[in-house]
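What follows is each chain in one-letter form.
There are 2 protein chains.
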Amino acid sequence: MKLHQIGELELLREVRKRFSSYSKINGSSVIVGIGDDAAVIAPQKEKILVTTDMMNERIHFDLSFTSPFHLGFKLVSVNASDIFAMGGRPKYLFLNIAMKKEEDENTFWKMYEGIFSAMNIYGVSLVGGDLCATENDMVLSATIIGAGDKVITRGRASVGDKIYVTGTPGDSACGLEILKRLTDESKEIIKNLEYWNNSHKNIGVLEYWSNELKNTIDWDIAEPLLRRHLMPVARDSAEIANYATAMIDISDGLFIDLCRICDESNVGARVYLNKIPMSDEMKKTAEIMKLDSIHLATSGGEDYELLFTAPPEIKFEIRNSKFEILKTTCIGEIIEKDRVVVDKSGKESALKTEGYQHFGTSG
Amino acid sequence: MKLHQIGELELLREVRKRFSSYSKINGSSVIVGIGDDAAVIAPQKEKILVTTDMMNERIHFDLSFTSPFHLGFKLVSVNASDIFAMGGRPKYLFLNIAMKKEEDENTFWKMYEGIFSAMNIYGVSLVGGDLCATENDMVLSATIIGAGDKVITRGRASVGDKIYVTGTPGDSACGLEILKRLTDESKEIIKNLEYWNNSHKNIGVLEYWSNELKNTIDWDIAEPLLRRHLMPVARDSAEIANYATAMIDISDGLFIDLCRICDESNVGARVYLNKIPMSDEMKKTAEIMKLDSIHLATSGGEDYELLFTAPPEIKFEIRNSKFEILKTTCIGEIIEKDRVVVDKSGKESALKTEGYQHFGTSG
Chain G
1 MKLHQIGELE LLREVRKRFS SYSKINGSSV IVGIGDDAAV IAPQKEKILV
51 TTDMMNERIH FDLSFTSPFH LGFKLVSVNA SDIFAMGGRP KYLFLNIAMK
101 KEEDENTFWK MYEGIFSAMN IYGVSLVGGD LCATENDMVL SATIIGAGDK
151 VITRGRASVG DKIYVTGTPG DSACGLEILK RLTDESKEII KNLEYWNNSH
201 KNIGVLEYWS NELKNTIDWD IAEPLLRRHL MPVARDSAEI ANYATAMIDI
251 SDGLFIDLCR ICDESNVGAR VYLNKIPMSD EMKKTAEIMK LDSIHLATSG
301 GEDYELLFTA PPEIKFEIRN SKFEILKTTC IGEIIEKDRV VVDKSGKESA
351 LKTEGYQHFG TSG
Chain D
364 MKLHQIGELE LLREVRKRFS SYSKINGSSV IVGIGDDAAV IAPQKEKILV
414 TTDMMNERIH FDLSFTSPFH LGFKLVSVNA SDIFAMGGRP KYLFLNIAMK
464 KEEDENTFWK MYEGIFSAMN IYGVSLVGGD LCATENDMVL SATIIGAGDK
514 VITRGRASVG DKIYVTGTPG DSACGLEILK RLTDESKEII KNLEYWNNSH
564 KNIGVLEYWS NELKNTIDWD IAEPLLRRHL MPVARDSAEI ANYATAMIDI
614 SDGLFIDLCR ICDESNVGAR VYLNKIPMSD EMKKTAEIMK LDSIHLATSG
664 GEDYELLFTA PPEIKFEIRN SKFEILKTTC IGEIIEKDRV VVDKSGKESA
714 LKTEGYQHFG TSG
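So the sequences go chain by chain: G and D. Using the working numbering, the letters of the first sequence map in sequence onto residues 1 to 363. Using the working numbering, the letters of the second sequence map in sequence onto residues 364 to 726.
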């Protein structure tokens with residue numbers, strides 16, 4: 001059925017019914033959930049963290065290779081990531097969803113499955129939101145309210161602190177490069193991979209265009225990169241927050257986001273290019289597709305990895321987080337003023353930023 | 364300058380600079396405002412109220428007669444109204460704004476002026492948000508976090524309670540009917556009325572189309588109706604909340620929203636048509652334009668008046684609120700089961716709902 005055949009009230013009633021159990025994850029603290037003029041949450045002893053992010057069709061996502069499930073999953077992850085980046089725990093989710101009237105009901109429910117799948121990982125409750133029609137592009141926004149006592153801003157990095165990054169930046173941007181090159185048939189395959197979890201089907205190979213010729217890339221190489229782009233899991237900062245002096249999540253690119261820490265903390269940074277962790281899959285794909293792996297890792301956006309600083313006496317390596325084993329790598333140190341990169345040969349040069357900016361022509 | 368010539372970061376920096384004073388209204392309680400991954404608010408002793416609402420171009424607003432100032436003002440009011448409707452006080456504002464890259468900088472700043480003008484009325488601080496590009500229609504959403512101890516839901520109306528409404532419902536819907544009929548020249552006049560406050564200019568008359576003939580309507584009659592539609596001030600419930608048993612703000616229509624109270628409270632309602640307060644301006648306009656005034660008052664949307672129930676021993680008439688004198692009228696009573704209207708002659712009939720519903724074909 002099309003959305004306009006169902007109507008807003010019936011859809012909201014159904015959302016409320018289907019997912020009422022999810023509203024109880026943070027149980028007793030939600031006094032009034034979906035269905036009144038506003039949601040009501042019990043008084044909070046900890047500090048309250050709030051973030052909101054928008055995802056617009058044709059700007060943030062391309063429906064030719066993005067499934068509604070992935071879209072919903074990513075919407076929640078992107079916002080959860082912001083709460084983690086402050087050292088907090090995401091708790092309550094509010095959604096604003098605008099879809100075309102002619103959209104199929106299925107798209108709506110698949111998106112909700114993605115949303116609830118991500119909520120489940122982070123332990124977040126859906127407490128409210130708004131649902132409405134749009135004349136053309138789909139627009140999604142989410143607000144997450146979190147809690148935390150020790151809040152890590154971008155503004156407290158000190159000279160001498162080490163700079164760390166979680167995971168392997170560049171995977172998401174590399175995943176997007178693959179997606180953009182895929183043949184229509186391979187895009188369809190990706191879009192229709194129902195539940196993309198650890199027991200997913202091995203597709204064998206994916207076809208992509210290279211100089212107007214069809215080429216193939218192994219599923220095993222492409223899969224972790226596509227997954228990181230399409231359904232990123234935000235990094236839980238619970239343990240990191242005990243030691244970090246400044247923190248940000250990488251949404252626009254490692255270097256541009258590092259510069260934000262430098263700006264707010266009024267410090268400089270030295271980064272060693274050969275220390276920046278890169279996944280084998282990303283390096284292999286970059287080689288096959290003739291992409292610059294260093295550029296992907298330092299300027300690719302949407303990593304949703306945590307970038308943080310910590311005093312030199314703290315040693316990070318592999319830390320367990322609530323829902324994953326989190327690899328953490330030291331990539332440099334905070335210095336007084338300049339922002340420099342050191343290449344393999346030990347030569348220093350100025351750090352150049354280049355990342356995504358809305359309305360902007362370049363960084 | 365066009366937005367894409369300025370860039371997102373520069374715009375955000377400018378928002379932060381121009382309006383930093385507004386972030387201090389709720390002063391000490393905002394620990395981290397605009398500019399980090401998430402906003403941080405001090406722990407709250409009261410219950411936390413959260414609401415979020417979206418406004419989409421061509422669905423919720425028509426830029427042929429809506430100025431960016433009015434748009435910004437209304438975005439804040441609509442959300443503040445939801446917090447008041449729960450008996451709370453709006454405190455913190457988060458914005459999601461998506462505009463075309465080619466949009467003029469002026470549109471952006473005029474909208475912010477409207478936003479800040481409304482924030483000023485409600486004593487709300489801007490604490491965070493997201494700014495991004497869109498391929499076509501403008502999309503705005505806002506989240507307001509409020510606080511309150513006594514929360515008034517829709518679910519506690521009791522048999523015997525009286526039903527009250529603030530202001531004069533139907534004004535906003537009547538204002539929209541005028542706007543839709545205006546000539547292009549008159550639409551331009553309305554759109555360019557810079558600051559629409561009590562000392563506004565008297566335009567004399569506005570021209571509108573009626574059966575393909577140009578007609579005029581006095582500015583004095585049209586103005587309060589246009590204002591209620593274009594820049595509604597939400598009703599402060601501070602005093603009402605001391606007595607109300609159930610409350611909602613009228614966004615979709617008096618009758619449909621009354622039915623929501625009935626649904627959630629599991630009760631019926633009897634409404635006396637001749638008791639429903641209607642403004643002289645609305646009645647006059649309805650007569651001139653051959654509109655059904657009762658229909659406008661009972662089914663017109665976007666009133667942003669408060670509709671509430673209270674025990675019969677409480678008498679409401681005119682109550683002062685923080686920023687206005689609020690007229691409150693008793694229009695009926697809560698009964699056990701049926702939903703009925705009583706006409707002038709005393710005849711009862713079933714209450715019929717008809718209000719706006721997204722994706723819906725009719726009510």
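Derived by calculation from the structure, the hints in this document are not laboratory data. Where hints are given, some of them may not hold.
[Claimed, not checked] Straight line, CA to CA, 30 Å or less: simulated DSS-like cross-link-like pairs of lysine-lysine:
1. G:LYS2 / D:LYS463
2. D:LYS513 / G:LYS45
3. G:LYS180 / G:LYS100
4. D:LYS473 / D:LYS525
5. D:LYS380 / G:LYS352
6. D:LYS464 / G:LYS101
7. D:LYS513 / G:LYS101
8. G:LYS352 / G:LYS327
9. D:LYS463 / D:LYS380
10. D:LYS463 / G:LYS180
11. D:LYS715 / D:LYS543
12. G:LYS110 / D:LYS678
13. G:LYS110 / G:LYS45
14. G:LYS100 / D:LYS464
15. G:LYS315 / G:LYS201
16. G:LYS283 / G:LYS150
17. D:LYS408 / G:LYS45
18. G:LYS180 / G:LYS45
19. D:LYS554 / D:LYS473
20. G:LYS352 / D:LYS550
21. D:LYS678 / G:LYS101
22. G:LYS100 / D:LYS646
23. G:LYS187 / G:LYS352
[To be verified] Over 12 Å on every C-beta distance to chain G, these chain D residues come out as not near it, computed from the model:
24. ARG421
25. ASP445
26. PHE457
27. LYS525
28. LYS554
29. TRP559
30. ASN605
31. GLU676
[What the hints assert, rightly or not] Interface residues of chain G toward chain D, partial, derived using beta-carbon atoms under 10 Å:
32. ASN79
33. ARG154
34. ASP249
C-beta atoms are modelled at their ideal positions from N, C-alpha and C, and glycine is treated no differently.
Going through the hints against the structure:
1. G:LYS2 / D:LYS463: holds (28 Å)
2. D:LYS513 / G:LYS45: The given pair, whose Cα atoms are some 19 Å apart, holds under the 30 Å limit.
3. G:LYS180 / G:LYS100: Given pair G:LYS180, G:LYS100 holds - Cα atoms ~25 Å apart, limit 30 Å.
4. D:LYS473 / D:LYS525: violated (42 Å)
5. D:LYS380 / G:LYS352: holds (26 Å)
6. D:LYS464 / G:LYS101: holds (26 Å)
7. D:LYS513 / G:LYS101: Violated - the C-alpha atoms of G:LYS101 and D:LYS513 are around 38 Å apart, more than 30 Å.
8. G:LYS352 / G:LYS327: holds (26 Å)
9. D:LYS463 / D:LYS380: holds (23 Å)
10. D:LYS463 / G:LYS180: Holds: D:LYS463 and G:LYS180 sit about 23 Å apart, inside 30 Å.
11. D:LYS715 / D:LYS543: Distance of about 26 Å is within 30 Å: holds.
12. G:LYS110 / D:LYS678: violated (50 Å)
13. G:LYS110 / G:LYS45: Distance of about 36 Å is beyond 30 Å: violated.
14. G:LYS100 / D:LYS464: Since the Cα atoms of G:LYS100 and D:LYS464 sit roughly 22 Å apart, the hinted pair holds (cutoff 30 Å).
15. G:LYS315 / G:LYS201: violated (38 Å)
16. G:LYS283 / G:LYS150: Roughly 37 Å separates the two Cα atoms, so the pair is violated.
17. D:LYS408 / G:LYS45: Holds, at about 8 Å.
18. G:LYS180 / G:LYS45: Judged against 30 Å, a Cα distance of about 46 Å means the pair is violated.
19. D:LYS554 / D:LYS473: holds (12 Å)
20. G:LYS352 / D:LYS550: With Cα atoms ~49 Å apart, G:LYS352 and D:LYS550 exceed 30 Å; violated.
21. D:LYS678 / G:LYS101: Violated, at about 45 Å.
22. G:LYS100 / D:LYS646: Since the Cα atoms of G:LYS100 and D:LYS646 sit roughly 36 Å apart, the hinted pair is violated (cutoff 30 Å).
23. G:LYS187 / G:LYS352: violated (33 Å)
24. ARG421: Label violated. Min Cβ-Cβ 5 Å, cutoff 12 Å.
25. ASP445: violated (4 Å)
26. PHE457: Label violated. Min Cβ-Cβ 5 Å, cutoff 12 Å.
27. LYS525: Holds, because the least Cβ-Cβ distance between D:LYS525 and chain G comes to about 20 Å, which exceeds 12 Å.
28. LYS554: holds (20 Å)
29. TRP559: For D:TRP559, whose nearest Cβ neighbour in chain G is about 26 Å away, the distance exceeds 12 Å, so it holds.
30. ASN605: D:ASN605 is indeed farther than 12 Å from all Cβ atoms of chain G, at 18 Å.
31. GLU676: Holds: least Cβ distance 26 Å, greater than 12 Å.
32. ASN79: holds (9 Å)
33. ARG154: Given a least distance of 6 Å, the restraint on G:ARG154 holds.
34. ASP249: This hint holds: G:ASP249 lies near chain D, its Cβ roughly 6 Å from the closest one there, short of 10 Å.
Of the numbered hints stated above, those contradicted by the structure are hints 4, 7, 12, 13, 15, 16, 18, 20, 21, 22, 23, 24, 25, 26, listed in ascending order.
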